[in-house]
Amino acid sequence: MRYIDPHIHMLSRTTDDYQNMAAAGIVAVVEPAFWQGQPRTQIGTYIDYFDALQGWERFRASQYGVRHYCTIAVNPKEANNVPLAEEVMKIMPRYLEKEGVVAVGEIGFDEMSAAEERFFAEQLELAKTHELPALIHTPHRDKLRGTERSLAIVREVGIDEEMVIVDHLTEITLPLVLKTGCWRGHSIYPNTKMSEERMVALLKQYGLEKMIVNSAADWGQSDPLKVPKTGQAMRDAGFTEAQVEQVLFTNPIAFFAQSGQISVEEVTRVKIDQRQLWEDNSILRGQEPVVA
Amino acid sequence: MNDHLQTLLEVLSPELEPGELQWLDEAASRMARSEHPEDDLALLSARAPRKLGRKPLSESAASLATKSGAVEMRFWTTATAARIALIVGAMRDHPAIAEALVEATYRNGDEGEKAAIVQGLAVLDGSGALCPIALEAGRTNSLVLFSALAMRNPYAAAFYSEHQFNHLVLKVIFMELAVDQIVALERRANPALAKMCEDYIEERLAAGRSFPAATWLALGPHASARGERLMIDYLASEDRDHRYYAAVAVTRRLAQRPYLRDMIQARLELEADERVRSVLRSALSSMSDPG
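Those protein sequences? They're chains L and F, same order as listed. Just so we're aligned: 63 in the numbering used here is position 72 of the first sequence, and the numbers increase by one with no gaps anywhere. Count along the second sequence starting at 1, add 317, and that's the number in the numbering used here.
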């Protein structure tokens, strides 16, 4: 069984996680650009972060046979630092064309300020210009209103809804997105967002079309194995292997393949060669290199 | 212009050992003659806890009467009070760059320094000019920094827009902090806030999760019909804290909604918890009081 985790912040995770994910059948991840837990203060840290998403982190993932893709954006929280966000918008175009960049994201609302709305709309425009999909983060607070407003902005900007995924959906917000052509993302995460059992209930109630599942694992208490665990919950509830593969492998690839940067053919297990170095750095600390 | 400096020092001085007081005096002198106030303030602000400790001020510490309302220094530490005193002094000595000094000290500050500035915002600013600092602090996930803004601090209620205030309250609820410690919540509550709380409760219930009992304090003042039904249901909750806060919220609406009287009376007859009974009883007795 092959899985994809289409929303996971691997820069904050250890190689133990990569090992466990690979063993559980995860063959590829999509890592969205987000905040660091505290505000960035200058453009240099964004440049270094975007470079790391495309450089070091892809390499780290490849050493465990995991294909790594990323999305690039000014995240909702940091959109509130307007001068800095404007600087990031200027460097984004060159990053959006880079190998492995499968979407503009995460964009959207955090507290629904005017600044957040401005950069949300501007980045949807960028997605249109660069013919890339867009990954929308729905807020954790005032979620219903945030989702309504997000869908309204998608309509106002006029981006093709097929190119948009609305993420972190729940029982209350999914029905709104079902009325549109947007894809439906769900994050299986402890204490907030969704659980495996509730996800299975939603799949039973609403079907599998455009349904996408991720772990959104990050620097907080989270579980990078939630996608395979959701697969098991689906099987336990009577879904077939084909249905599990549709939701947890085919759907996310189909959505992000619209970028031209990922496809089912391309997502095969990379030859693991831990003898490789990345700019003279190795992840090995005295172990024997694995070549497989 | 009252910059509270004298009161700050009057409250702080008795709480310091002689050696600590001496450090503070020397720091103040250094600031008074400083030609690079931003650099000196950064250094002294950072150093304060190493020299003065982070001792809580005594229960009897005075409160400062600011334009935003009372600031209760008994919830501050020695380091916080010293930092605010040094900043206030620097603002007084360099009025042309006063705001810039606060912003720089915040930006360069560690978490403790940031929290101290946020706790003292109502002392440092009487016009709302420093709101961007508060808003940035509000975006944090750090409980220390967020609590400094949201708990026992009159600044947000004084200067935030309705939207900003509502989001602050919602985050307090989301982070399961003490909603009853939000200053001026009842005064600033509004229908949009009530709706946000009602939506949040529905979301939590749909996910099979709980929500903080004190949420009723934010929802109650402008509850919709849906919100009022929820509150009334929770008068009979198995959770004693929910019954308490629902009772507080419901009884506060009694003057505008006298029809709630019968419901409160009925609940009183079933309620076993004395704390909850007391809330219900005093609401009923104040209503029937002809005076």
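Hints are computed from structural coordinates only; laboratory data are not their basis. Computed from a predicted structure; not experimentally measured. All C-beta atoms in this analysis are idealised placements derived from N, C-alpha and C, irrespective of residue type, glycine included. One should not assume that every hint holds.
A short, non-exhaustive set of chain L residues, derived as facing chain F with CB atoms under 8 Å [stated by the list, open to error]:
#1 Q10
#2 I38
#3 K81
#4 R85
#5 R132
#6 L135
Verification of the hints:
1. Q10: violated (28 Å)
2. I38: violated (20 Å)
3. K81: violated (22 Å)
4. R85: violated (28 Å)
5. R132: This hint holds: R132/L lies near chain F, its Cβ roughly 5 Å from the closest one there, short of 8 Å.
6. L135: Holds, because the Cβ-Cβ distance from L135/L to chain F comes to roughly 5 Å (cut-off 8 Å).
The structure is inconsistent with the numbered hints 1, 2, 3 and 4, although it conforms to all the rest.
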